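A.B. asks: Whole structure, please, built from the sequences with the hints as guidance.
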Amino acid sequence: MLPPAVFAGAALLAGWWRRRGDDPHEGPLWLAPVVVLIAYVGVHAALLGGLVAPRVAADWMPAVALAAAGLGLVAWRWRGPRAVLWGLRALVVLGVGVACTSGKIRHGWAIDRAAPVLGAFTAHTLASWWAFERLAARARGAEAPGVLMLYALACGQVVALAYYSLKVAQMPTAVAACMGAAAVVGIIRPRLSLARGGVDAPVLVTQAALFQGFLYSSGEGGAWYAPLLLGAPLAALLAGRLPLRGPKGTAARVVAAAVVAGVAIGLAIALRPASDS
Amino acid sequence: MKTCPMCVGAVALGLMGGAAAVMPWGSPRAAVAAPAAEDAPFAVDRVHTSVVFRVQRTNGAPYYGRFNDVSGSFLLNHDDPGKSAIDISIDTGSVDTNSEGRNRHLRSADFFAAEEHPKATFKATGFTRVGEMEYDVAGDLTIRGTTRSITARVKQTGLGPARRGVMCGLDVSFTIKRGEFGVSYGPGALSDEVRIMAGIEGNRAQ
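Heads up: the sequence lines are chains A and B, in that order.
Each residue of the first sequence is one higher than the one before, starting from 1 at the first, in our numbering.
Each residue of the second sequence is one higher than the one before, starting from 1 at the first, in our numbering.
These aren't lab readings, by the way, just hints derived from the structure by calculation.
Note that this is a predicted model, so its numbers are computed, not measured.
From the three backbone atoms N, C-alpha and C, an ideal C-beta is built for every residue, glycine too.
Keep in mind that the hints are not guaranteed to be accurate.
Computed list of chain A residues with no C-beta within reach of chain B, every gap over 10 Å [what the hints assert, rightly or not]:
#: 1; residue: Ala14
#: 2; residue: Ala57
#: 3; residue: Arg77
#: 4; residue: Val98
#: 5; residue: Leu126
#: 6; residue: Arg138
#: 7; residue: Val168
#: 8; residue: Tyr216
#: 9; residue: Val263
Reference listing, derived: stretches of chain A covered by chain B, where coverage requires no fewer than 3 residues with Cβ under 8 Å from a Cβ of chain B [what the hints assert, rightly or not]:
#: 10; stretch: 104 to 114
#: 11; stretch: 160 to 167
C.D. replies: The structure is reproduced here in structure tokens:
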């Protein structure tokens, strides 16, 4: 995972090097979706020996990353009603859900079986998206990418331990590598921001991989990890409300966000579908 | 001793009929029925069928795994190979490597994606005789939703009466490149070439 991290770190550092000013909604905000897309597709092609016509749900992931990065760029330029933007996001999430579920639908899942699962996936993804977007809009620097990195790493762990597919598990790990690099850049250049579309690609790619792990896992166990994972960005958001001021206060808030998100993530990993081996 | 001419005639007719039934030329009725029975395919006996694969671990030993759930039918017609047929289906979720963790990894999208593609199939398309009871069988192999034409060496290893009908055995082997079927995980750790070996036994009613 070093190449995507180095690439993302170098690109984001170069893009944000000269950034001045305090507004988190200004700067080269278009860069994050593009960087995540390029890094992800590169990792995917290397892992799966190139881009192929979709035969399994995992083969759709480059298209998911492309759609997510496209949504990120749309969000960057969006000046219309937010409800329309969220409607567009909901449609794309639903499409991603259908693509991931196609293997189940092909082998007998009726609409009454697929609809609740797709509805839950869409709701979970949009809620995560909202939480991360709020976090990115409020906090510049390392906080949002740091929590996103933890989230993506946790999803990768859950997928690896529940689904046993190391390839699918490495997909959110590639996102985590990008976000880890972004967090480092956020420490060096505290003006870095993931507002206005910067979280779209990381969130959607991670959610799609997590959904595949949930769908095709052969292990027994509940889906407690899903709400707990959702709890991570929400807890980080709440930690951001702590009355801490000044440079030390900012650092303390970042640590608090990471700790509370980490607790939720740790519980999610502990409560993953049980392995029968 | 008096004999009944009618009884003698009946016994004689009965003996002639019985003899005709076991003689090579058979009776007219047997001549019609026999080809129909010979053309009937054998149903795969999953209990006595083994499908084994061998993959080479880099710097290690060949590793063997198997599939436990195999179904389908086959027929080898030595007089007219064009009437032969092999149609085999394997439940990819039944992969067994003596390690549940590895079985689950093999069922995942890294290998067979068993939830999305629960069956691997082979359907013969052509038979070329290469020896007595031995054929090169061309056919379509489908794994993970990808179909490729392959050639398998198939040898009939047995044919004869069974408890309920007739049984037949085949020894099948061929080599594939797993990457051609999208099973490309671990190129540095596992060989691309995978050898498939199968002992397929089938039964049919007499």
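A.B. asks: Does each hint hold? Answer for all of them.
C.D. replies: So, going through the hints one by one against the coordinates:
Interface exclusion of Ala14/A from chain B stands, the closest Cβ pair being 33 Å apart, more than 10 Å. Interface exclusion of Ala57/A from chain B breaks down, the closest Cβ pair being 7 Å apart, not more than 10 Å. With a least CB separation of 35 Å from chain B, Arg77/A remains clear of the 10 Å interface cut-off, as annotated. Distance to chain B confirms Val98/A as a non-interface residue, since its nearest Cβ pair spans about 14 Å, more than 10 Å.
Residue-level check passed: Leu126/A sits 25 Å from the nearest beta carbon of chain B, beyond 10 Å. Residue-level check passed: Arg138/A sits 37 Å from the nearest beta carbon of chain B, beyond 10 Å. The non-interface label for Val168/A is inconsistent with chain B: the shortest C-beta to C-beta separation is roughly 6 Å, within 10 Å. The beta carbon of Tyr216/A is not kept farther than 10 Å from every beta carbon of chain B, the shortest such distance being approximately 4 Å.
Listed as outside the interface, Val263/A is consistent with that label: its C-beta sits roughly 28 Å from the nearest C-beta of chain B, beyond the 10 Å cut-off. Note: the stretch 104 to 114 of chain A has 3 residues with beta-carbon separation from chain B under 8 Å; the three-residue rule is met and the coverage holds. With 5 residues having a beta carbon nearer than 8 Å to a beta carbon of chain B, the stretch 160 to 167 of chain A meets the requirement of three or more and the stated coverage holds.
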